[in-house]
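Sequence order for the protein chains is A and B.
FYI, in the numbering used here the residues of the first sequence are 7 to 148.
FYI, in the numbering used here the residues of the second sequence are 8 to 217.
Since the hints were derived computationally from the structure, they do not count as laboratory data.
It is possible that part of the hints are untrue.
[What the hints assert, rightly or not] PhoX-like mimics (lysine-lysine), calculated; alpha carbons at most 20 Å apart, straight line:
#1 B/K112 / A/K67
#2 A/K93 / A/K64
#3 B/K56 / A/K64
[Stated by the list, open to error] Taking beta-carbon pairs under 10 Å as the criterion, some of the chain B residues facing chain A (in silico):
#4 A32
#5 I64
#6 D68
#7 A89
#8 K112
#9 E150
[As the list claims (entries may be wrong)] Derived coverage of chain B by chain A (criterion: at least 3 residues anywhere in the stretch with Cβ under 8 Å from a Cβ of chain A; other residues may be distant):
#10 34-43
#11 78-85
#12 151-160
All of these numbers come straight from a predicted model, not from anything done at the bench.
C-beta: ideal position from N, C-alpha, C; glycine also.
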Amino acid sequence: MTGARRAFASRANARASTGPKTPGGKARAARNARRHGLNLPVLHDPTLTPEVEDLARKIVKSVAGADADPRRFALACRIAEAQIDLKRVRQAKLPLVADLQADTDAAARLVRLDRYERRALSRRKFAIRDFDAAANLAPTSS
Amino acid sequence: MTTTPDLPTLSEPSHLPASLDFLGAAPLLPREEVSGYDTLLARISGAVKPADILEEIWVRDVVDLVWDAVRLRRLKVGLMTASAHEGMQKVLLGLDAPDFTGLAKRWAAREEDAVAQVDALLASAGLTMDAVMAQTLRVRIDEIERIDRMITAAEARRNGALHELARHRAHFAAILRRAAQDVENDAEGIADAEFEVVSQTGQIPPGAIA
Numbered sequence: 007m008t009g010a011r012r013a014f015a016s017r018a019n020a021r022a023s024t025g026p027k028t029p030g031g032k033a034r035a036a037r038n039a040r041r042h043g044l045n046l047p048v049l050h051d052p053t054l055t056p057e058v059e060d061l062a063r064k065i066v067k068s069v070a071g072a073d074a075d076p077r078r079f080a081l082a083c084r085i086a087e088a089q090i091d092l093k094r095v096r097q098a099k100l101p102l103v104a105d106l107q108a109d110t111d112a113a114a115r116l117v118r119l120d121r122y123e124r125r126a127l128s129r130r131k132f133a134i135r136d137f138d139a140a141a142n143l144a145p146t147s148s
Numbered sequence: 008m009t010t011t012p013d014l015p016t017l018s019e020p021s022h023l024p025a026s027l028d029f030l031g032a033a034p035l036l037p038r039e040e041v042s043g044y045d046t047l048l049a050r051i052s053g054a055v056k057p058a059d060i061l062e063e064i065w066v067r068d069v070v071d072l073v074w075d076a077v078r079l080r081r082l083k084v085g086l087m088t089a090s091a092h093e094g095m096q097k098v099l100l101g102l103d104a105p106d107f108t109g110l111a112k113r114w115a116a117r118e119e120d121a122v123a124q125v126d127a128l129l130a131s132a133g134l135t136m137d138a139v140m141a142q143t144l145r146v147r148i149d150e151i152e153r154i155d156r157m158i159t160a161a162e163a164r165r166n167g168a169l170h171e172l173a174r175h176r177a178h179f180a181a182i183l184r185r186a187a188q189d190v191e192n193d194a195e196g197i198a199d200a201e202f203e204v205v206s207q208t209g210q211i212p213p214g215a216i217a
């Protein structure tokens, strides 16, 4: 086969296989680069949004009372988001901890995941501080 | 893979209060003792007496992080034990022992003749098990360092959670003090109004009688 014919055949073959065709295949390929999804904010996952709102309501009711300033609900949502992120990171870390003795790469992967926990903790800390500070401005029902 | 036979099998979920479902299940590995986690949670909750949901979150953090640090320490010891044959290989190689790889593996399997042979070789060179563990540490230093870093991080986070809990309490204590002071000041104002000084002239101020 000459160089030109080979190049033509290669181009034709390449055109015949340019990735997945079916919606299922495309959806699967779209997740090829996904490792743990911990970079995605909680609110990008529609299944977690009600969980955030539910937790935020619990926080407001527990700390500020049922008739709290609505602004505090928004601040509580930040706490809830960070808390749910934290839960996700810790759940992702647990199987790696279990593999620590068997898998020599597990410790390195745990250290890499650790920064997500650090970020979530930091976000939660500042969200709680802002939430507490808002109590100074709100009527002292708390 | 090394197992930890001293730990009982996971039999039932941890008895976390239903109101704290949002915190997720207790972070236990298979074969970790549920009652140990529950006892730790009960002790720390009993000592801190969380007053609201945020304090519950911090208490749970502290419990999980204490559990995490203890577990990592245990896994570090397990890793060293499981890798001891690799350190033994290095020591036996240095002693020019014949079939050092096979001997180290049989020693790790606690075969009596291999154990006796290794003991004799170490004694003849004036070495102890410390030399073997030092070589094991050398082989596994990267993993051990990472585990140590994770232990340090868990301890720092536990301290951070306690610090934030104390700050939260101090903040609300200050608000309560201010609120109590306001109530006292208002009460003093009411008392002052009740006992207003009456004019010395004896005249009744206009409009005082309807």
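Given pair status - A/K64, B/K56, alpha carbons within 20 Å:
Holds, at about 18 Å.
Is the coverage entry for the region 34-43 of chain B by chain A consistent with the three-residue Cβ rule at 8 Å?
holds (count 3)
Verify the interface restraint on B/K112: the C-beta must sit less than 10 Å from at least one C-beta of chain A.
violated, 17 Å
Compare the distance between the alpha carbons of A/K93 and A/K64 with 20 Å, and conclude whether the hinted pair is satisfied.
holds, 17 Å
Under the criterion of a CB-CB separation shorter than 10 Å, is B/A89 in contact with chain A as hinted?
Status holds, d = 6 Å.
Quickly compare the C-alpha distance for B/K112 and A/K67 to 20 Å and report which way the hint goes.
Given that 20 Å is the threshold and the Cα spacing comes to 61 Å, the pair is violated.
Given that the region 78-85 of chain B was listed as covered by chain A, double-check it with a C-beta distance under 8 Å for 3 or more residues.
holds (count 4)
Would the hint on B/A32 be counted as holding, given a Cβ-Cβ threshold of 10 Å to chain A?
holds, 9 Å
Was the hint right that B/D68 lines chain A, CB cutoff 10 Å?
holds, 8 Å
Count the residues of the region 151-160 of chain B whose CB lies closer than 8 Å to any CB of chain A, then report whether that count reaches three.
Held - the region 151-160 of chain B has 5 residues with a Cβ nearer than 8 Å to chain A, which meets the minimum of three.
Is the hint on B/E150 kept, meaning its closest Cβ partner in chain A is under 10 Å away?
B/E150 check passes; min Cβ-Cβ to chain A is 5 Å, inside 10 Å.
Hint validation: B/I64 versus chain A, beta carbon distance must be below 10 Å. Holds or violated?
Since the shortest Cβ distance to chain A is 6 Å, the answer is holds.
The structure is inconsistent with the numbered hints 1, 8, although it conforms to all the rest.
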